[in-house]
Amino acid sequence: MDSPSAAKQKVIEYYKLGLRHIKLYWKLRRPEFEAAFETADSLGMKVYGHVDQNIMFIDSTLDIGLRNYEHILTLVNSVLDVQNDGKDFSLEMQKYYAPGTHF
Amino acid sequence: MKLFTFTLAFLATITSFGQAGKFDLVIKNAKVFDSRTGALSLNQTILIKGGIITKVTSNQKNYSATKTIDARGKLVTPGFIDTHIHPTDVYRAYGALPEYFQKDSLEFYRKRLSDTYLPYGVTTAMIMGQSEKWLPPILSWHADPQPGYLDIYTVGGALISNEGRKP
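In order, the protein sequences belong to chains A and B.
For the first sequence, full-length UniProt numbering gives the first residue as 1, with consecutive numbering after it.
For the second sequence, full-length UniProt numbering gives the first residue as 1, with consecutive numbering after it.
Among the hints, a few may not be true.
To be verified - Listed below are the simulated SDA-like cross-link pairs for lysine to any residue, each with C-alpha atoms no more than 20 angstroms apart in a straight line:
(1) K133/B - A6/A
(2) K103/B - L135/B
(3) K8/A - E163/B
(4) K46/A - I160/B
(5) K27/A - N162/B
(6) K55/B - K67/B
(7) K27/A - T74/A
To be verified - Among chain A residues calculated to face chain B with C-beta under 7 angstroms, some are:
(8) G18
(9) K23
(10) A36
As the list claims (entries may be wrong) - Residues of chain A placed beyond 10 angstroms of chain B at every Cβ, according to the derived structure:
(11) S5
(12) N54
(13) I58
(14) L62
(15) L66
(16) L73
(17) T74
(18) L75
(19) G86
(20) K87
(21) F89
(22) S90
(23) L91
(24) E92
(25) Y96
(26) G100
I should point out that these hints are in silico values taken from the structure, not numbers from a laboratory.
Each residue gets a CB set at the ideal place from its N, CA and C atoms; glycine is no exception.
Please put together the full structure from these sequences, using the hints given.
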């Protein structure tokens with residue numbers, strides 16, 4: 001997908017082939033994700049998302065209108081940014097659960 | 001001649017009696033799960049004709065049917081629906097994945113997919129992604145559901161943004 005209009009064309013092509021379901025995958029960037037969602041939704045297709053890998057987050061996909069989510073475990077990435085929050089998270093775990101801690 | 005006519009009339013009567021109320025399939029002694037109420041009913045008889053369940057009854061009489069299955073008290077439920085499958089997972093178990101399904105092997109591929117799910121009671125599955133090159137046969141299966149095969153719904157191939165492009 002080189003552009004939102006390419007994403008739109010692809011969804012229309014799928015619709016014409018007889019597809020009525022579409023899964024939007026995390027490898028779509030926001031402009032294409034949005035175009036694909038809006039096209040599919042306007043055609044009455046059922047849209048599912050695999051939101052993952054910190055490319056798209058659930059708050060933005062909810063804004064776009066996506067309501068069905070597959071691979072719910074990967075949604076953790078939407079609230080936990082592994083790069084930044086990961087370190088804080090392990091420090092917290094160490095503080096409370098490391099061997100020898102009492103409270 | 002008289003005997004012949006009589007015999008003919010007799011056979012015709014038998015046939016017409018046989019036709020009346022004859023079901024394609026009867027499942028007797030079934031424990032039936034009602035998915036609307038969550039209730040279980042014991043010793044039910046399920047009457048099926050023309051692919052449609054015409055009645056579920058506690059009447060234990062012997063219904064005439066092309067085929068009768070004695071469930072012997074086992075649970076009978078509507079077919080399960082698997083909402084997320086990938087055909088790659090099925091075909092990979094048999095070796096390297098084909099780029100395309102060969103035309104003369106389409107039934108074979110359809111059967112492998114069905115054989116993977118039907119034994120578990122899954123009669124409908126939703127394909128959540130596969131190669132776009134596999135779409136034409138899969139769409140043809142979707143358009144032509146068969147009693148012995150898995151019912152299929154599908155999405156298309158994965159749409160991927162070109163990461164190298166200028167925004």
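Consistency of the hints with the structure:
Distance restraint check for K133/B and A6/A: the Cα-Cα separation of roughly 19 angstroms lies within the 20 angstroms cut-off, and the hinted pair is therefore satisfied. A threshold of 20 angstroms between alpha carbons decides the hint, and for K103/B with L135/B the separation of about 13 angstroms falls inside it, so the pair holds. With a C-alpha separation of about 18 angstroms, the suggested pairing of K8/A with E163/B holds against the 20 angstroms cut-off. A hinted pair counts as satisfied when its Cα atoms are at most 20 angstroms apart, and K46/A with I160/B qualifies at roughly 19 angstroms.
Only pairs whose Cα atoms come within 20 angstroms are accepted, and K27/A paired with N162/B is accepted, the gap being roughly 9 angstroms. A threshold of 20 angstroms between alpha carbons decides the hint, and for K55/B with K67/B the separation of about 16 angstroms falls inside it, so the pair holds. Taking the CA atoms of K27/A and T74/A, the gap is about 14 angstroms. The hint holds against a cut of 20 angstroms. Interface restraint check for G18/A: the shortest CB-CB distance to chain B comes to about 5 angstroms, inside 7 angstroms, so the restraint holds.
Among the interface hints, the one on K23/A holds; its C-beta lies about 4 angstroms from the nearest C-beta in chain B, closer than the 7 angstroms criterion. The beta carbon of A36/A is positioned within 7 angstroms of a beta carbon in chain B (closest approach about 6 angstroms), and the interface hint is therefore held. Here S5/A stays apart from chain B, with its beta-carbon at least about 13 angstroms from theirs, past the 10 angstroms limit. Chain B leaves N54/A outside its interface by the beta-carbon criterion, the shortest separation being 14 angstroms against a cut-off of 10 angstroms.
The Cβ of I58/A sits about 18 angstroms from the closest Cβ of chain B, beyond the 10 angstroms cut-off, so the non-interface label holds. Distance check for L62/A against chain B: the nearest CB is about 19 angstroms away, which clears 10 angstroms, and the non-interface claim stands. The Cβ of L66/A lies farther than 10 angstroms from every Cβ of chain B, with a closest approach of about 14 angstroms, so its non-interface assignment holds. The Cβ of L73/A sits about 13 angstroms from the closest Cβ of chain B, beyond the 10 angstroms cut-off, so the non-interface label holds.
Chain B leaves T74/A outside its interface by the beta-carbon criterion, the shortest separation being 13 angstroms against a cut-off of 10 angstroms. Here L75/A stays apart from chain B, with its beta-carbon at least about 15 angstroms from theirs, past the 10 angstroms limit. At roughly 24 angstroms, the least C-beta separation between G86/A and chain B is larger than 10 angstroms, which holds for a residue marked as non-interface. Separation of K87/A from chain B is adequate, the least Cβ-Cβ distance of about 27 angstroms exceeding the 10 angstroms criterion.
A cut-off of 10 angstroms between C-beta atoms confirms that F89/A is not in contact with chain B; the least separation is 28 angstroms. The claim that S90/A is not at the interface with chain B holds, since no C-beta of that chain comes within 10 angstroms of its own (minimum 30 angstroms). The claim that L91/A lies off the interface holds: its Cβ sits roughly 33 angstroms from the closest Cβ of chain B, which is beyond the 10 angstroms cut-off. Interface exclusion of E92/A from chain B stands, the closest Cβ pair being 33 angstroms apart, more than 10 angstroms.
For Y96/A, the requirement that its beta carbon stay farther than 10 angstroms from each beta carbon of chain B is met, with the minimum near 36 angstroms. Distance to chain B confirms G100/A as a non-interface residue, since its nearest Cβ pair spans about 44 angstroms, more than 10 angstroms.
Of the numbered hints given earlier, the model fails none.
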